[in-house]
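Asks: If you want the building blocks of each chain, they are given just below.
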Amino acid sequence: MSTVGVINLDNLNGGQRLAVKYFTVAVVLFAAQILFGMLAGLQYLYPDLLRGVLDFNVNRMVHINAMVVWMLYGFIGAIYWLLEDESGTEVVGLRLGEIGFYILTAAVTVVVLVFLLVQWGPGTDTTLWFINEGREYIEAPRWADIGIVAVLLVFFYNVAATFMKGRFTGIGGVIVLDLVALAGLYLAGMFYTTNISLDQYWWWWVIHLWVEATWEVLVGAIMAYGLMRTLGVRRKIVTTWLYIEVALMFGAGILGLGHHYFWIGTPQYWFGIGGLFSALEPVPLVAMVVHAVYDSGVHKMKNSNHPALAWLIAHAFGNFFGAGVWGFMHTLPQINLYTHGTQWSASHGHLAFFGAYATINIAFFYFAIQKARGNVWMSGGMPGDWRWKWSLALLNIGVWGMTIAMLVAGYDQSQIERAINGSSWMGYFAAQSNVWFVQAMNWRMVFGWITAAGTVLLIWDLMALGRGETRKAPVYLDEIEPDRVSGEPAPGPA
Amino acid sequence: MSTTPWWAAEDVWKKLAIWVTALMFVALIFLTMDSLQQISVGSERVPAYTVINKRVSYVFDEERNYQIPVIGDDAPLFAERLSEDEAEAVVTHGKKIIQGRNCMNCHTLLGNGAYYAPDLTKSWLDQAWGAEAAREQLMLQFLMDPEGNARTFGTGRKMPNQHLSEEEAKAVIAFLKWMSSIDTNGFPYNFKQIPQEG
Chain A
1 MSTVGVINLD NLNGGQRLAV KYFTVAVVLF AAQILFGMLA GLQYLYPDLL RGVLDFNVNR
61 MVHINAMVVW MLYGFIGAIY WLLEDESGTE VVGLRLGEIG FYILTAAVTV VVLVFLLVQW
121 GPGTDTTLWF INEGREYIEA PRWADIGIVA VLLVFFYNVA ATFMKGRFTG IGGVIVLDLV
181 ALAGLYLAGM FYTTNISLDQ YWWWWVIHLW VEATWEVLVG AIMAYGLMRT LGVRRKIVTT
241 WLYIEVALMF GAGILGLGHH YFWIGTPQYW FGIGGLFSAL EPVPLVAMVV HAVYDSGVHK
301 MKNSNHPALA WLIAHAFGNF FGAGVWGFMH TLPQINLYTH GTQWSASHGH LAFFGAYATI
361 NIAFFYFAIQ KARGNVWMSG GMPGDWRWKW SLALLNIGVW GMTIAMLVAG YDQSQIERAI
421 NGSSWMGYFA AQSNVWFVQA MNWRMVFGWI TAAGTVLLIW DLMALGRGET RKAPVYLDEI
481 EPDRVSGEPA PGPA
Chain B
1 MSTTPWWAAE DVWKKLAIWV TALMFVALIF LTMDSLQQIS VGSERVPAYT VINKRVSYVF
61 DEERNYQIPV IGDDAPLFAE RLSEDEAEAV VTHGKKIIQG RNCMNCHTLL GNGAYYAPDL
121 TKSWLDQAWG AEAAREQLML QFLMDPEGNA RTFGTGRKMP NQHLSEEEAK AVIAFLKWMS
181 SIDTNGFPYN FKQIPQEG
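The listed protein sequences derive, respectively, from chains A and B. The opening position of the first sequence corresponds to residue 1 in our numbering, with each subsequent residue numbered one higher. The opening position of the second sequence corresponds to residue 1 in our numbering, with each subsequent residue numbered one higher.
Okay, chain A solo, but in the shape it has when bound (with noise of 0.2 Å):
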């Protein structure tokens, strides 16, 4: 037995050590995410800061790739960290697992490497190939693609065959048949095809049907797992919110892909398909939010990690406002004409990301701490808790206030460069030299430093919360166990 406290990989099962590897991946890019969204952030007020050196393109695909990355670091991270607990038994590849992070991890690196030192290509395959594929989101060239591909394979392999070994269970089902959807999405961005309308096409199926569609389901199953954890809320409660979820999910957010289609050359009918399904992707966000408020309240908030479940109603509300309502804002076809393509989708994009991943990615981090400290007690009382709650208390307000920015600068360009100005050039320009505008990127630029300050607090405390702590967690796990497997009371000891 190891010493409540003290960080030590034996507290952790395998699939759990390898969990660790991701998350501390993930903490590193997510500060790379911080950093370089700080300079693309500064360029805007200063557009001669690193001129030719580090253009606000470098800066900006560094920023929103070191998210998504760090983001499925996050995820893959707490599927592994579940799994031996769901499924009841070992990670079958473990080994196989290892090799695939390595991989993943060399590949990633490498890719930003390139990306910050050689930047750009000519316009040859070979670029897309070997440098970078320009394309939004998946700027990752063609053989990492392959390379992630193979990698999430691996991943795959190792989830699916795990739960069928031991159990499976009703997240772990959630979980293997998102997978398969997502690895399958990310086909539908690996070709080249100069008709940009067919580009776009496709494009979304990657972008949209992992970011609205599986992200969160894959979340959905995490969460219920989280609430198991952290509250011990009844499997069977968890699990039939997590099928409601699934359907209202998927049974919007697959048409809701329509959205995205009104100005790309597609046909007119995405306008009512698009328009209707996309309004309705709120409707499991406000699900989820009952759910996890619901849960917390019968449960009349006593949890065994104070961090995590906060950052777990932190996601509810999160994931919500900023994909649920920040989305619907701007989701009819009759409101995006004026708002596609502006700041109104970076002040979306900042809150929806933030609140629908970054939080319940943030919530593991803190399991992770709990359990390699020998499952120490992270409920009231620990010291040095102000660390945890200052920096949910900046990297909400942060991020909150940079959305808030955006979106009035959003509202100045939907007027001045689009509505006034006829979405010329020099309307575009018109909209970005206005007073409006300009401050609105001052204050997005204050709250960024706040979030930057939050980020650093949470990775201090992530490293000493529990340390030097010698009271073991109280466990509220006893209600999962009865119902685990059957849905009925467990029997006697055998």
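Derived by calculation from the structure, the hints in this document are not laboratory data. Warning: the hint list may mix true and false statements.
Stated by the list, open to error - So the derived list for chain A, only partly shown, Cβ under 8 Å to chain B, looks like this:
1. Asp-55
2. Asn-57
3. Thr-124
4. Ile-131
5. Arg-167
6. Thr-194
7. Asn-195
8. Ser-296
9. Gly-297
10. Gln-334
11. Tyr-338
12. Ala-346
13. Met-426
14. Phe-429
15. Ala-430
Bear in mind the structure is a predicted one, so any value in this text is a computation, not a measurement. In this text, a Cβ means the ideal position worked out from N, Cα and C, and glycines have one as well.
Got chain A; can you put chain B on it based on the hints?
Replies: For chain B alone, coordinates are given in the frame of chain A:
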């Protein structure tokens, strides 16, 4: 224990989740098959690459209540009439340059990309080029030396030099001209286009 009403039963929702997902996916497949046909190159919505041999303008359509691209008389780009294959080759080269230079992390194309620089969807038709007669040369000069020819309207933002050769810049312009002919359902709205001659 079994007092759970049917509408709260785990099993009901599990089946519903599977059926709803399958149904929506099948619907998406059918819509995709139709959409892919309607946006194939050479269709009404996405013209053939040889459109770069023609005049492209953006005209208000009373029935649809927004502007749509109209293909006019002969107006070969840089006075070079291209065959179908040649046109496809040059537009393809243009798009690969745009991808290789990472244009979309400053600009938007069809409204998608980053927001640090103007949308390029109808840039071929933009009034900023002044007059149709001067447009090709101005675009060429700009692309080959964007910093020297910058017009930033007080924002200080200048496009970095992309080190494009004349041939590469022409390919980019060919792509932009072709893209401007795509029927984007009136996006961008209320667009102020270059004064039309004749």
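Asks: Regarding the hint that A/Phe-429 lies at the interface with chain B, is the smallest CB-CB distance below 8 Å?
Replies: At about 4 Å, which falls below the 8 Å cut-off, the nearest Cβ of chain B leaves the hint on A/Phe-429 intact, so it holds.
Asks: With a cut-off of 8 Å on the beta carbons, see whether A/Gly-297 makes it to chain B.
Replies: violated, 18 Å
Asks: Should the hint that A/Gln-334 touches chain B count as held when the rule is a Cβ pair under 8 Å?
Replies: violated, 10 Å
Asks: Under the criterion of a CB-CB separation shorter than 8 Å, is A/Thr-124 in contact with chain B as hinted?
Replies: Cβ of A/Thr-124 sits 6 Å from chain B, so the hint holds.
Asks: Hint A/Asn-57 vs chain B: min CB-CB distance below 8 Å?
Replies: Check passed: Cβ of A/Asn-57 comes within 4 Å of chain B, closer than 8 Å.
Asks: Given A/Ile-131 was flagged as interface, is its beta-carbon under 8 Å from a beta-carbon of chain B?
Replies: holds, 7 Å
Asks: Have a go at the A/Thr-194 hint: is there a Cβ in chain B nearer than 8 Å to its own Cβ?
Replies: holds, 4 Å
Asks: Would you check whether A/Tyr-338 satisfies its interface hint, that is, whether its CB is within less than 8 Å of any CB in chain B?
Replies: Result: holds, 7 Å to nearest chain B Cβ.
Asks: Can A/Met-426 be said to touch chain B, with a Cβ gap under 8 Å?
Replies: Check passed: Cβ of A/Met-426 comes within 6 Å of chain B, closer than 8 Å.
Asks: Do the numbers back the hint for A/Asn-195, that is, is its least Cβ distance to chain B under 8 Å?
Replies: Holds. Min distance 5 Å.
Asks: Holds or violated: is there a CB of chain B closer than 8 Å to the CB of A/Ser-296?
Replies: Since the shortest Cβ distance to chain B is 20 Å, the answer is violated.
Asks: Let me know if the C-beta of A/Arg-167 comes in closer than 8 Å to any C-beta of chain B, holds or violated.
Replies: violated, 16 Å
Going through the hint list in order, the structure does not satisfy hints 5, 8, 9, 10.
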